[in-house]
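Participant: Fit chain A to the supplied structure of chain X, relying on the hints for placement.
Taken in sequence, the protein lines are chains X and A.
Take 8 as the starting number for the first sequence in the numbering used here and just add one per residue.
Take 49 as the starting number for the second sequence in the numbering used here and just add one per residue.
Think of the hints as simulated: they come from the structure by calculation, not from any bench.
Keep in mind that this is a model prediction, so the values were computed, not measured.
Careful: at least some of the hints might be erroneous.
[Unchecked claim] Cross-link-like lysine-lysine pairs, in silico, PhoX-like; alpha carbons within 25 Å at most:
1) A:Lys-57 / X:Lys-117
2) X:Lys-117 / A:Lys-62
3) X:Lys-120 / X:Lys-68
4) X:Lys-120 / X:Lys-56
5) A:Lys-105 / A:Lys-57
6) A:Lys-105 / A:Lys-92
7) A:Lys-92 / X:Lys-120
8) X:Lys-56 / X:Lys-117
9) X:Lys-120 / A:Lys-57
10) A:Lys-57 / X:Lys-65
11) X:Lys-76 / X:Lys-65
12) X:Lys-65 / X:Lys-78
13) X:Lys-56 / X:Lys-68
14) X:Lys-117 / X:Lys-68
15) X:Lys-56 / A:Lys-92
16) X:Lys-56 / X:Lys-78
17) X:Lys-78 / X:Lys-117
18) A:Lys-92 / A:Lys-57
[Stated by the list, open to error] In silico negatives: residues of chain X with every beta carbon more than 10 Å from chain A:
19) Val-11
20) His-14
21) Asn-15
22) Ala-23
23) Glu-27
24) Asn-31
25) Pro-47
26) Lys-68
27) Glu-71
28) Lys-76
29) Pro-86
30) Gln-89
31) Ala-94
32) Gln-112
33) Gly-116
We treat Cβ as the ideally placed atom computed from N, Cα and C, and that holds for glycine.
In case you want the letters, here they are:
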Amino acid sequence: AQSVSQHNHHVILSEAASLELGCNYSYGGTVNLFWYVQYPGQHLQLLLKYFSGDPLVKGIKGFEAEFIKSKFSFNLRKPSVQWSDTAEYFCAVTGAPTSGAGSYQLTFGKGTKLSVIP
Amino acid sequence: NAGVTQTPKFRILKIGQSMTLQCTQDMNHNYMYWYRQDPGMGLKLIYYSVGAGITDKGEVPNGYNVSRSTTEDFPLRLELAAPSQTSVYFCASSAGPVQTQYFGPGTRLLVL
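Extracted from the complex, chain X is given alone in its bound form:
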């Protein structure tokens, strides 16, 4: 079964600080990786995704993530955070279509809350 581990429960940063949120996954086959964001009181929105190709993926609002297959990691980064980035961030993984009928279920990490102080 696939699983996702997010190392930090709550991260507090000042505006303009750099951000890196860790995400490690456990899965035996080809994976598709996602980062979703949930702003306070809102539903989940896709930040970025990795299916194949360039392991450095750029998403919306200046976020990027790097897929490192050897480390089973998909860390989220942003060079300079803003107060408006305050939200909860979820890493998620699903298996590729050839990996079996049930493997495409999206498995979420427990989330990392980011608080940005003005």
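Facilitator: Using the frame of chain X, we list chain A on its own:
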């Protein structure tokens, strides 16, 4: 497009009551999902559907039922509400099995 819509936004139930959480999507997606979100636990998949008439259990299906009579609608039924079902419920849909999932605004349920 409205995307994924859910009703109600908030509901209080007494133990033992039943209710249906509604979910509708207008993107013609075949795949639909129900998740529950509990603080510090991320999202857990309750049920999913790969098309009209086809549903299957996710990670935490106990106490819930679903149906999928149309492509657009995927209601979630709680038959005998229990305090453990207090949670925020999100419906999502996707065009394919590993495609981006689009989420609804959520239903906050409190069982007392």
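Participant: Next step is simple, just say for each hint if it's right about the structure.
Facilitator: Hints versus structure:
| no. | hint | verdict |
| --- | --- | --- |
| 1 | A:Lys-57 / X:Lys-117 | holds (23 Å) |
| 2 | X:Lys-117 / A:Lys-62 | violated (28 Å) |
| 3 | X:Lys-120 / X:Lys-68 | holds (17 Å) |
| 4 | X:Lys-120 / X:Lys-56 | holds (19 Å) |
| 5 | A:Lys-105 / A:Lys-57 | holds (24 Å) |
| 6 | A:Lys-105 / A:Lys-92 | holds (11 Å) |
| 7 | A:Lys-92 / X:Lys-120 | holds (18 Å) |
| 8 | X:Lys-56 / X:Lys-117 | holds (18 Å) |
| 9 | X:Lys-120 / A:Lys-57 | holds (23 Å) |
| 10 | A:Lys-57 / X:Lys-65 | violated (33 Å) |
| 11 | X:Lys-76 / X:Lys-65 | holds (17 Å) |
| 12 | X:Lys-65 / X:Lys-78 | holds (20 Å) |
| 13 | X:Lys-56 / X:Lys-68 | holds (14 Å) |
| 14 | X:Lys-117 / X:Lys-68 | holds (22 Å) |
| 15 | X:Lys-56 / A:Lys-92 | holds (20 Å) |
| 16 | X:Lys-56 / X:Lys-78 | holds (18 Å) |
| 17 | X:Lys-78 / X:Lys-117 | holds (19 Å) |
| 18 | A:Lys-92 / A:Lys-57 | holds (19 Å) |
| 19 | Val-11 | violated (8 Å) |
| 20 | His-14 | holds (13 Å) |
| 21 | Asn-15 | holds (12 Å) |
| 22 | Ala-23 | holds (28 Å) |
| 23 | Glu-27 | holds (19 Å) |
| 24 | Asn-31 | holds (14 Å) |
| 25 | Pro-47 | holds (12 Å) |
| 26 | Lys-68 | holds (16 Å) |
| 27 | Glu-71 | holds (17 Å) |
| 28 | Lys-76 | holds (17 Å) |
| 29 | Pro-86 | holds (25 Å) |
| 30 | Gln-89 | holds (23 Å) |
| 31 | Ala-94 | holds (14 Å) |
| 32 | Gln-112 | violated (6 Å) |
| 33 | Gly-116 | violated (6 Å) |
The structure fails hints 2, 10, 19, 32 and 33 (numbered hints given earlier, in ascending order).
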